[in-house]
Amino acid sequence: MKSIRFRKLKEWGIEKAILLSGIFSVVFVVLIFLFLLREGFSLFRGESIVDFIFGKSWYPISSPPRFGILPLILGSLLVTLGAAAISVPIGIAAALYISEIAPRRLKEPLKAGIELLAAIPSVVIGFIGMITLGPWIKSAFHLPTGLTALTGSVTLAFMAMPTIVSIAEDAITAVPRQYREAAIAMGATQWQTTWRIVARAARPGMVAAVMLGIGRVIGETMAVMMVTGNAAVIPRSFLQPVRTLTATIAAEMGESVQGGPHYAALFAIGIVLFIITFLINGVADLYLHRSRQ
Amino acid sequence: MVKPTAKFSIRGLSVHYGRHCVLRDLNLDIQANEIFTVIGPANSGKSTFLNCLNRLVDLVSASRCSGEIRLDGIDIRGGMEVEALRRKVGIVFALPLPLPLSIYENIVYGMRMQGIRDATLLDEAVERSLRESYLWEEVKDRLRTAAMNLSGGQQQRLCMARILAGRPDVLLFDEPTSGLDPISTAKIEETMMVLKEKYTIVLVTNNVAQAARVGDRTAFFLMGEMVELSDTSKLFTAPADSRTSDYITGKFG
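Read top to bottom, the protein sequences are chains S and C.
According to this note's numbering, the residues represented by the first sequence are 1 to 293, in order.
According to this note's numbering, the residues represented by the second sequence are 294 to 546, in order.
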């Protein structure tokens, strides 16, 4: 009798402990968001939201200060789009190669190698971008500086690639072998099978891979701060310095006065970033769910 | 009576997987418009035999084939592209395998692959092949819905329709009813009996009674060798080899 009661108690305890940890992780996210809101919203007592988001100039320490983050949003978007344009085709192609074409003994080393890329600290990637890629872009395009949006895009593409390849490869490998056999038995070539059947069946997973890769790029700070030149102006081309939302927070938080308008503005940037990544993760999640069905 | 013409003629066919011999020195002809059934216990090489006829066996790494298979007198290894062969020689697998597309797209998949875009041509092929596989009446109002929602028997007939849309010569069936209920099985068998008017059918089955019901000629395979080949009625009433009679009466296998 006693042992049964004890076991039931134990079951109950384990169940509740797991429930509690689940609740905690959600509570933390909510608390972080509330904290951001509390710190950031004081800015909007003196500033309108429209001026903040669509203002063209970011002069946080001039007087009076001007907190327009449009150049930063565009900088982030430009770098992200560039990185996506580079990493998505290469990443998807690499995933298709690894899962469909590569001989078996090449598969594991390739995948492990690409996943290792994700383990390189972003400072190191930024360092390489600054020292090797920057000067190369400078001389290739005859620019006054090599620290441009393009440099940032290429550097970040390297950081998005492991996520994209790894998740897309999982999605492609999960396509039942029988689909391939059925297509081949109907006279499809390997490429037709890969493109029309396998890639189509794995599409939700591949979209999720791309979204998570892009999410990583938008949130990346260190590498991007090192290689993009950090000029808070509205970008007109890929070959000029830009500044991203993340780099602004990282660079200026140390010199802002706690509780002051500059401090609040940086938190407000955090809110904008939070919303962007939340949307991207939401879309990725939606697709992942669809692929499981 | 018209002299039957050989659709497939197979001479000296042997298949090895690595060092393991799965088919040994096979010599036989398959006539046009017959249902040629192959029976035999597990590991007798009957599925491998089927996969040789459309070269799906090539996908098995470490497989080696020797000997010669001719389709309408043309060597299927040297004489034609493998994709063309597979369009002429369609296969229906044991488990129904609709592609993750709509019913309509499943059927026109092969045609789209060949670059056929004409909508009327595609529509015609869908209706013709669904009628030939006796599925048309059941699905004509929901051609655009997902093929995965069909029942198992319907999915299997959809797989037949998918092959028929490509106007093949030969239909290979690899235990097509092993996953189906008796009513669906009866429907598939009926369909085969009608289809042999137009196509040559090779049926591999574990179900001895099925071979007796639909086969024109039946071959008995054992351990990679063909023990006996004769008219189905003769094989089941007066088998020449004692191993054949043991198998069909259920003494082993």
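Check before you lean on any hint, since a few could be wrong.
As the list claims (entries may be wrong) - Distance condition first, Cα-Cα at most 25 angstroms in a straight line; then the derived DMTMM-like pairs of lysine to aspartate or glutamate:
(1) S:Lys107 x C:Glu420
(2) C:Lys381 x S:Glu181
(3) C:Lys381 x C:Asp322
(4) C:Lys381 x C:Asp539
(5) C:Lys491 x C:Asp539
Calculated directly from the structure, the hints in this document are not laboratory data.
Hints, verified against the model:
1. S:Lys107 x C:Glu420: Cα-Cα ~43 angstroms, so violated.
2. C:Lys381 x S:Glu181: holds, 16 angstroms
3. C:Lys381 x C:Asp322: holds, 17 angstroms
4. C:Lys381 x C:Asp539: violated, 36 angstroms
5. C:Lys491 x C:Asp539: Roughly 34 angstroms separates the two Cα atoms, so the pair is violated.
Consistency with the previously given hints fails for numbers 1, 4 and 5, ordered from lowest to highest.
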